[in-house]
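Construct the complete structure from the given sequences, taking the supplied hints into account.
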Amino acid sequence: MTWRRRYVHDMLFGIEGSGWHPPSMRDATGFRWSGPGRFSILRVPLPEGAGRGEAHIALVDPEPIPEVAIFLNGHRLVATPRRLGAMAVLDFGWDAAAMAGERQAEFWFHAAALRQLPAPGQGMRAVGFRLSSLVLEPRQEGAASAGGALALIAGRRFLEERLPVTPGRARLAFLADGTARLLDMRLEAARLGPTPQAHLACALRAEAEALELAIASPGLPALRAAMSAAGDVTLPDGLSPRDTLLLARLLTALPDAYAAWLDEAMARAAPDAALLAAWRRSLAQLARGSEARLAALIADGPDPFAGDPRAAFAWPRAA
Amino acid sequence: MTDLALATSIPPVMRRPGPGGEDAGPGWRAACAASWTAPGWRVLTVNPAAEIATLDLPAGIEPIPAEPGVAEAFGRPGTWVSDALAQALATGAPVVGIVNADIRLDLSAAQRAALVERARDRILACNRMEIDHPSQAEGPFYRYGYDLVLMPRHLAAAIDMRGFALGVPWWDYWILLDALMQGIPVEVVQCAAIRHLSHSAAWQRPAWLGALRGMMAHVVPRRAALSRLGMGSVAEAVVDLLAAVAAAPEESYPLDQLAETAGTRFGIEVVRLAERNAWTME
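Those sequence lines, one after another, are chains A and B. Using this note's numbering, you'd call the opening residue of the first sequence number 1 and step up by one each time. Using this note's numbering, you'd call the opening residue of the second sequence number 1 and step up by one each time.
Careful: at least some of the hints might be erroneous.
Claimed, not checked - Here are the computed distance ranges between Cβ atoms for each label pair:
id, chain 1, residue 1, chain 2, residue 2, range
1, B, S227, A, V60, 30 to 40 Å
2, A, E291, B, E117, 19 to 29 Å
3, A, V60, B, S233, 28 to 38 Å
4, A, Q104, B, Q204, 37 to 47 Å
5, B, G230, A, H199, 49 to 59 Å
6, A, E16, B, A137, 34 to 44 Å
Stated by the list, open to error - Where chain A lies over chain B, by a calculated footprint (3+ residues, C-beta under 8 Å):
id, segment
7, 104 to 115
8, 263 to 273
Derived by calculation from the structure, the hints in this document are not laboratory data. Remember, predicted model here, so these are calculated numbers, not experimental data. We put the beta carbon where it would ideally sit given N, CA and C, even for glycine.
Printed below as a string of structure tokens:
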């Protein structure tokens, strides 16, 4: 006999994410229409490791099952549709890699088609599909451990007080150069330590799983970093030890800026989901590699507590 | 030896829409009743005394006269949940439960054993799988109700089910809420072998609102315990609204409408609360 833990996310309640209309109820089934764009995001807590899930989509007979692509943390999932009474169920699974190093599960739903339907008292609105609930069943649950709690608390305080970083608001442009993917990420109102950065221009070039990155502040030469195909990150030269740590912290925060941009930009958009997913994975890999580099520097580099945390972030000047 | 005593209240007549307009109710009623008994599972149907002679029960189901009062409270004859549970407890079974009369249990022996074993130290609240035809093998689960509830006898004795009747909404929510407020572990279980032939809702709005008021009478004195469940500010505000409305029904328009909306919201809050610990049994 098999007992499997089930995590249920009912779309009638408040959700974290974007691209959903307010909840509705029909025939004792609650749901949210996706829309007004094709791209909808749902972020939920989920243990690391592999698992399986079901997206329950409410149907009104004789409606066909909507075509919806599902991604988890930028990984495209194979979703198999089936009809179950007045519901459509999309069955999907994921491997451990999709959740590796992730703090939560970010599901993307990409509806193949939109239609215009009247909303009570609101005129017409674009809708995709009615997501009723998301049911997730991890195959194995990680054991919770109290070990290291003090170090965790101390570490968080250290990072927040000594190495505070805010990525700010991102504006993105996706380009290509032959087989390379290019991403121009402009960060507005970022902070590196105590120093506000009105504009940071981040130019990323991804090719064959490797990544090159140039970060520039207006009027100053760009700082160059790189990530190998194996995920090893090289941070730029010319910065003080503290500022090197701050820059690494900024790289770990880029996925959050990307996620916020998705929430903002995908409304009414018809995105290239595969391209978005590729960058989602690249930025997540860059963040993990930067975190590993940050950890190594804090562990074995110059004393991270030395120096004045109130000192401004110092961009290297041109030689 | 009795492993589990299951109480229900089989109606004298059951009607369900069938193919071609035929009434599938009698066949479904018989199939459900025949599905409950099994080695170690003792089944009681607790009915108003006047109904018992008309029940035409299959072998193995024991009829027991119900305590009076349901008709006066809800407008139709029925059985108090507390009465049904007490009758199940009186069998001495270590695990007791309630099953709605229109649920067919297609459980294997191993599944029955697993349910009983798991219900020895916690409350199991099982969703039903909705089917449109008796031979349908797969259907959606109905997450907003619990049609088979199992629990160990010591926990059954601790649950206060006064005022709730089988066949009237809210009793299943209240079992879970009462248990959770007492710190009793509750698990929501989905198993494809717990099946229900779909039909439109049988309850009437006045009975639904009446039962909701009854539940609020239980909730209000234990408001602090409810807060400790961490249901959230909206859920707590809804409880306070429902309590105020239940206490002053003479305030009239549009309190019934308010209570219906708030009650629906509170119901799904209870579902969300219970689903914090949800399981699938295969």
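Where does the structure disagree with the numbered hints, that is, which hint numbers, in rising order?
-> Of the numbered hints, 2 and 5 do not hold.
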